[in-house]
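Using the hints, position chain B against chain A.
Protein chains in written order, with the working numbering: chain A, 91 to 374; chain B, 5 to 491.
Among these hints, one or two may not hold up.
25 Å max Cα-Cα, derived SDA-like pairs, lysine to any residue [claimed, not checked]:
hint : chain 1 : residue 1 : chain 2 : residue 2
1    : B       : Lys183    : A       : Pro96
2    : B       : Lys183    : A       : Gly189
3    : A       : Lys202    : B       : Gly254
4    : B       : Lys320    : A       : Arg199
5    : B       : Lys321    : A       : Gly189
6    : A       : Lys202    : A       : Gln219
7    : B       : Lys321    : A       : Tyr201
8    : B       : Lys183    : A       : Val239
9    : B       : Lys295    : A       : Pro96
10   : B       : Lys308    : A       : Gly113
11   : A       : Lys202    : B       : Gly325
12   : B       : Lys183    : A       : Tyr201
13   : B       : Lys321    : A       : Pro96
Think of the hints as simulated: they come from the structure by calculation, not from any bench.
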Amino acid sequence: MQGEPPSHPELLDWLSVRFVESGWDIKALVRLIVSSGTYRQSAHHRPDLREFDPQNRLLAAQNPRRLDAEFVRDNALFAAGLLNLELGGPSGHPYQPDGYYASLNFPARRYKADTDDRQYRRGLYMHWQRTFLHPMLANFDAPSREECVAARNLSTTPQQALTLLNDPSFVEAARVFAERVLADESAPDFRSRLRSRVHPFARASGLGARTRLARRLSRHTTTPLRRGSRLRARSRFRRTPVCVHHNRSGRARCLDAARTRPPEPQRNHRALLRPPRDEHSSRS
Amino acid sequence: MNIPPGLEFLQQQQRQWSRRTFLGKSAQAIGALALGSLLNPRLLRGAAPAAPDGRWRGILPAPHFLPRAKRIIHLCMAGGPSHLETFDPKPMLDRIHGQPFPESFTQGQQLAQLQNVKLLARGSSFTFSRCGLSGQWISDLLPHTQTIADDICIVRSMHTEQINHDPAHAFMNTGSIIKGRPSMGSWLLYGLGAETDDLPGFVVLMSSGPSVDQPVSARQWSAGFLPSRFQGVQLQSVGAPVHYVGNPDGVCQSAQRQVIDEIARLNGFHEEESLDPEIQTRIAQYELAFKMQASVPDLADLSKEPQSILDLYGVKKPGDGSFASNCLLARRLAERGVRFIQLYHRGWDHHGDIDNRMRGVCQLVDQPTAALVKDLKQRGLLEDTLILWGGEFGRTPMGQGTGRDHHINAFSIWMAGGGIKPGITWGSTDELGYRYIEDGQQMHVHDLHATMLAAFGIDHTKLTYRSQGRDFRLTDVHGKVAHGILV
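In isolation and in its complexed conformation, chain A is listed as follows (with noise of 0.2 Å):
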């Protein structure tokens, strides 16, 4: 068998003794390596290390690891400050296509998604239909549960970007996201709103991806735009501001992005694979 050379020799020769000592006691073995301090060592990036060690072999910093499918989707929820964090309880609902279910049968089963603050409990809450698992779920690798899985499979799919640009539940977040940052009046520029208000995000993204995003916020106007921060979900979906995308010249160009509908509506398969409309000519 060949391999690279360990990056850290002793270290496995130290370990190996510590192993056998321990009477090969493997829970402890695990113990001590996850309590380590290499191993709590944050992930957040360090740039001096770039140049001497890109690979982090010698596991200087800890490797950036990618969130669970679960967690992809109360990332978002967090961000936009919709996240229900109550502990236990019957499962939610979230928005999920029309028809999944369809071929569901042995009884014939009918998804109705939640229209209140349960649409918004974490992952780990969400209804599992196993053989029909949320497509959000499947698209981000989690199983179906059919059999057991020792680690989720990892991918990078095109049905992932299309669940974060598409997926009502995504859709969203991101307007009610955007929606907070343009009515924050705490600081007159969107950059300094993105830094205090989002947290998360600022936390996460260097100064480059804020600037840009500022940027891209200040395009954007929305009357009329409704103050207060938590409203409750049902009225959220029947008054939506409206949001007018204008483009650089700032005349409007079209209605934009602010309506996001509960489920997706009731469509014939037919009209299901239509070609996504253009809505310039009609509605600018």
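The following block gives chain B in isolation, referenced to the frame of chain A:
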């Protein structure tokens, strides 16, 4: 000078790193990171794999020999179809039906569910006919397949190493049962690149029936240690093939375009910081997603298919998730330049009631399969499309009540099209259909992989990828090309 070991290691790493310029010669590239740089057109600057449009053109600068096949449609009959009821008639087995199965065959052999059970021979309840000008034997359960006898090459000497479904599928797809190995579709994409920018290069469709068997795990189309842009993308068979393909209400394509450009820029920042090659994949997948918003509805719009074509395949309701619908979609995917199209049909795991269940599943699969071959042929696509029909293993010549158990020592598949000799039968099994005959025509799964790659003009020993310090290939250290079935 006494250099601490850690530093020495680092210097070695740095030496490798500073040679980033050499990455054009990617066969020796170091691991995923190097490949990631390759995927990045900025680092490529006109080297072989990527074109100006950023499409991945494959790691191989040129084929090793004349390629006959450009794409493959793998009709995976999941569950393990019985060879004894389909392509491998055994009169001797029929004759000893119900009698004890000769121990000389089974002694010391691996069994799945028939352990510690008295083994009785089970003959086939179905008749076979010699078909076409080639006179190949095909079961009367498959009347439509009988009509394409002169187009297909039946391989009766298949054998595998895995006796349970999931590992056997993994073995068939990746040549290994160890998790993290790339599937054959991923290898082909990696080696040859894609012929389309608008759809994934490796597409998976699933159907089942009449009975529902074991699920097929997504690891079967995983890219393993290859970057995940080479992994298979499963399309939904029922309803919209891809969820969330339409924009939210009020969002036009130009707004969507701006969002995607913005995300690409943000990801670009992130990539510069972290050097994670998967971020390039992420950017590319956003781009593909945007294109799929138009290409997928077009792909799935079967309204322009004439009734004669729907009838040929036996499609009752387009997009109903049937194998027939999927076969029609497979042709449309082939026309659009998808490299590897994999259709799973679950429903072949006949431990009991094999006679009725074979009738049921054959009825669903037979006509669309033959239609696909005929349709591709009439469009001139068959000559460079390789079709592979078969399961992950076969079934025992010993009965299991009214059915048959899993069997690894013999099973039948067929291939057609791109580079495959039509109208021949390759390999054979013993008189009871228990084991393949070693006559030079035996076909291990590794041999099948080697032969398939050869049809694509690839020397299977030369398509490698370095992972964790070792060069891996689809055929590992095995594989013998069956030149006899290649044109």
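Results of checking the hints against the structure:
no.	hint	in the structure
1	B:Lys183 / A:Pro96	holds (22 Å)
2	B:Lys183 / A:Gly189	violated (34 Å)
3	A:Lys202 / B:Gly254	holds (24 Å)
4	B:Lys320 / A:Arg199	holds (24 Å)
5	B:Lys321 / A:Gly189	holds (16 Å)
6	A:Lys202 / A:Gln219	holds (13 Å)
7	B:Lys321 / A:Tyr201	holds (24 Å)
8	B:Lys183 / A:Val239	holds (12 Å)
9	B:Lys295 / A:Pro96	violated (43 Å)
10	B:Lys308 / A:Gly113	violated (70 Å)
11	A:Lys202 / B:Gly325	holds (23 Å)
12	B:Lys183 / A:Tyr201	violated (35 Å)
13	B:Lys321 / A:Pro96	violated (58 Å)
Checked against the numbered hints above, the structure breaks hints 2, 9, 10, 12 and 13 and satisfies the rest.
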